[in-house]
Amino acid sequence: MELLAAIEQAPFARALKTSFYIYPLINLAHVLAIGALVTSVTLIDLRYLGLLGKLKPGLPVAFLRRIAFVAFLTAGAAGAAMFSVQARDYAQNPAFIIKMGLVAIAAVNFVVFTRLAGTDNATSEMESVPVPARICAGLSILLWFCVALFGRFIGYV
Amino acid sequence: MHHPLDRRRFGLLAAALGLSYAMPARAHHGWSWTEDGFFELEGIIRAIYLGNPHAALDVDVEGEMWRVELAPPSRTLAAGFDENAARVGDEVKAIGNRSRDETERRMKAVRIIVRGRTYDVYPRRAPA
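Protein chains in written order, with my numbering: chain A, 1 to 157; chain B, 1 to 128.
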């Protein structure tokens, strides 16, 4: 609790607290980054689940993973900035707590999925995708959707 | 003054999400979680928060703590309610809409009265 209170007193957090432009712009960056993240991981997931039809063989999976990674870092940085303004409140917000748990699980799943699937499966046939990797793909869609859902509810619970 | 359009829009959003009615209404955003009729509260200010995403007061009403949500900081400041407008320990009267959840001591104020001054933080919603 003292740490959270100290975060709120940091110069950056204090400036953000009453800013007219910066706070909504950081909020926008957070939302846009989540859009890029969910879009890129979902494309990868659907490709490994064999649900992308004609797009399947040509999908630049490694490139999409890099986009997902950068989007994740951006969303995390923007989210941390907004968290700092009311750290004690958010730390007790049930939607926030669930979201952070889901983010951790989804991030681990992303790493495991990348290991299992390898870095260059863009041309491989669906039969060669191991079942565990397909499970990761299904989990990924579900987890990131729930991350976005619970994130949206932070402001309403 | 009610704005049925606003309420309908938030109602649609809530219905689209499908979850908001299943979850406890302890919200900050929007008005979907509040009752329609006006509600009044009088008490002693115990804490003042003037920041993003919404300003808020903690108000002691005969021993019970209430959270009184205001507008975003820019709108709250535009209404004249700044750092010097009130101090912890001041009496406050808040008029607005309380949470539909009767077990929850939370309201969203459209007007607050402190030290004899009236601040309409949501002027378009404020009573005449």
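Mixed in with the good hints there might be a few duds.
Unchecked claim - Cβ-to-Cβ under 10 Å is the rule here; a few derived chain B residues that face chain A:
id, residue
1, His29
2, Gly30
3, Trp33
4, Tyr49
5, Gly51
6, Asn52
7, Pro53
8, Pro72
9, Pro73
10, Ser74
11, Leu77
12, Asn84
13, Val88
Claimed, not checked - With beta-carbon atoms standing in for the labels, derived distance ranges:
id, chain 1, residue 1, chain 2, residue 2, range
14, A, Gly35, B, Ser74, 49 to 57 Å
15, B, Asp101, A, Asp89, 17 to 25 Å
16, A, Pro60, B, Pro127, 41 to 49 Å
17, A, Pro60, B, Asp58, 46 to 54 Å
18, A, Arg88, B, Arg115, 21 to 29 Å
19, A, Ser128, B, Glu104, 50 to 58 Å
20, B, Asp58, A, Gly155, 12 to 20 Å
21, A, Gly155, B, Arg115, 26 to 34 Å
22, A, Val70, B, Val88, 39 to 47 Å
23, B, Pro123, A, Ala91, 31 to 39 Å
24, B, Asp58, A, Ile135, 41 to 49 Å
To be verified - Some chain A residues close to chain B (C-beta under 8 Å, calculated; not the full set):
id, residue
25, Phe20
26, Ala81
27, Val85
28, Arg88
29, Tyr90
30, Gln92
31, Val108
Hint data in this document are derived by calculation from the structure and do not stem from the laboratory.
It should be emphasised that the depicted structure is a prediction, and the values quoted were computed from it without experimental measurement.
No residue lacks a Cβ here, since even glycine has one placed at the ideal position from N, Cα and C.
Compare the structure with the hints numbered earlier in the document and write down the numbers of the violated ones, lowest to highest. 12, 13, 14, 16, 26, 28, 29, 30 and 31
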